[in-house]
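Residue numbers (our numbering), protein chains in the order written: chain H, 1 to 145; chain G, 1 to 145; chain C, 1 to 145.
One or more of the hints may lead you astray.
In silico DMTMM-like links for lysine to aspartate or glutamate, alpha-carbon gap of 20 Å or less [to be verified]:
| # | chain 1 | residue 1 | chain 2 | residue 2 |
| --- | --- | --- | --- | --- |
| 1 | G | Lys44 | H | Asp112 |
| 2 | C | Lys44 | G | Asp123 |
| 3 | H | Lys44 | C | Glu108 |
| 4 | G | Lys80 | G | Asp60 |
Calculated Cβ distances over 10 Å to all of chain G for the following chain C residues [stated by the list, open to error]:
| # | residue |
| --- | --- |
| 5 | Val28 |
| 6 | Arg45 |
| 7 | His53 |
| 8 | Ala55 |
| 9 | Ala86 |
| 10 | Ala87 |
| 11 | Leu92 |
| 12 | Ala94 |
| 13 | Arg122 |
It should be emphasised that the hints constitute simulated quantities derived from the structure, not laboratory data. Yeah, the Cβ is synthetic: ideal placement off N, Cα and C, and Gly gets one too.
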Amino acid sequence: MIALTVLAASFSGRSMAEPADYYKDQKVVYHNDGGGPDNVAYFKRLLNSIQNHIAAVGKDRVEIRVVDHSGGVEMFQIAKTDKEIAARLDALKAQGVRFLVCANTLRERNIDPSTLYGVTERDIVPSGVAELARLQGMGFVYIHL
Amino acid sequence: MIALTVLAASFSGRSMAEPADYYKDQKVVYHNDGGGPDNVAYFKRLLNSIQNHIAAVGKDRVEIRVVDHSGGVEMFQIAKTDKEIAARLDALKAQGVRFLVCANTLRERNIDPSTLYGVTERDIVPSGVAELARLQGMGFVYIHL
Amino acid sequence: MIALTVLAASFSGRSMAEPADYYKDQKVVYHNDGGGPDNVAYFKRLLNSIQNHIAAVGKDRVEIRVVDHSGGVEMFQIAKTDKEIAARLDALKAQGVRFLVCANTLRERNIDPSTLYGVTERDIVPSGVAELARLQGMGFVYIHL
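Modelling step: build the complete structure from the supplied sequences, incorporating the hints.
See the structure below:
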């Protein structure tokens, strides 16, 4: 077990061996439309991946937006009672991540935006999918877990 | 309930407050390889999202292609009997959306293309995945629900 | 049945009718984070799609990298005993495909990389998601089955 840990450390430590310019500046849009049947597990995995992404590239070198529509909007409903998800959202926002919520989803699902954790009017976009295309047109690259 | 509806309307109405040039012209390829276990629900969600996309950007400002392979080809089998999916496909085509079907999937699954709703020979592409890459190389941005 | 087969052949044969310059040179990154609940079926479908991709475009005209993180890393654990997956991995590598494994996933899941089929130290990248963005910034287009 000790040997395994050392080996794993040696592999994962490779990141320190990357040249300083391994990552150029990045603009990234994450697509979040949920990951049922277990949405909570999906949201934790998503938020953890974004945190790892920032840690790898450095928060001053990566601009991240998360477009949330369809089942993805449940993340902000769940965060009202799930302290861990709420804390991860807060931590990512403090590092500059912006979470954008689809107005079409709110209307179709009859969701009152005031019931969404940490979402304000300026976080609402007219259409999640159109926003995904708009941001890619502005140079953001796309990732969908 | 009335208050909620008004609030939701106020939020979703924000789209009208977007500047006229919020969206530039878009070219978008949707990746459809199905969304089991409930493919029907997935296809309805996909077609609804594409309709919302066009409504947001305007049909003269967005060119949309849908690459259908693997489980995604079932959409055209289901549409033979599901009137709602057939109607949504027709409506999207009337707005310029093109649905492309993977020849490899037809061969591997022994699907006779004449059993697919609304698919003609010119809608068949040699390989769905190669087409996704080809279209991105031509400036289409990628969305996979 | 014979008629169906002939018809299908006629459709799938359309690829031979594509103009010789139908595909330009491609650089493609596949995103593999698993596809539970049936990961084995997902991995076979993924590897089959990549093989079809190469066959369509030609191995000298397409450069493919597969970024494996989260549940996607199980592909290399399964390949230790699943001869079919191992053989497909070997065949794709022989055609130039590179499989990259996320160091964060190895650390979080306590996976000893020596237990992964065919993975060497130079296949490990610091972060799977950051690598997906990095490669897109280098002109690779993104596909996630």
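Against the structure, the hints come out as follows:
Note on G/Lys44 and H/Asp112: the hinted pairing is violated, with a Cα-Cα distance of about 24 Å set against a maximum of 20 Å. Straight-line distance between C-alpha atoms of C/Lys44 and G/Asp123 comes to about 26 Å, which puts the hinted pair past the 20 Å bound. In summary, the hint linking H/Lys44 to C/Glu108 is supported, as the alpha carbons are separated by about 14 Å, within the 20 Å threshold. Taken as a hint, the G/Lys80 and G/Asp60 pair is broken in the structure, with Cα atoms around 29 Å apart against an allowance of 20 Å.
Some Cβ of chain G comes within 10 Å of the Cβ of C/Val28; the nearest lies about 5 Å off, and the non-interface call is violated. The Cβ of C/Arg45 does not lie farther than 10 Å from every Cβ of chain G; its closest approach is about 6 Å, which violates its non-interface assignment. The claim that C/His53 is not at the interface with chain G is violated, since a C-beta of that chain comes within 10 Å of its own (minimum 4 Å). In this structure C/Ala55 is not separated from chain G by more than 10 Å, as the shortest Cβ-Cβ distance comes to only about 7 Å.
With a cut of 10 Å on Cβ distances, C/Ala86 stays outside the contact zone with chain G, its closest approach being about 21 Å. No Cβ of chain G comes within 10 Å of the Cβ of C/Ala87; the nearest lies about 18 Å off, and the non-interface call holds. Separation of C/Leu92 from chain G is adequate, the least Cβ-Cβ distance of about 13 Å exceeding the 10 Å criterion. For C/Ala94, the requirement that its beta carbon stay farther than 10 Å from each beta carbon of chain G is met, with the minimum near 19 Å.
C/Arg122, annotated as away from the interface, keeps every beta carbon of chain G farther than 10 Å; the closest lies near 25 Å.
Hint violations for this structure: numbers 1, 2, 4, 5, 6, 7, 8, all remaining hints satisfied.
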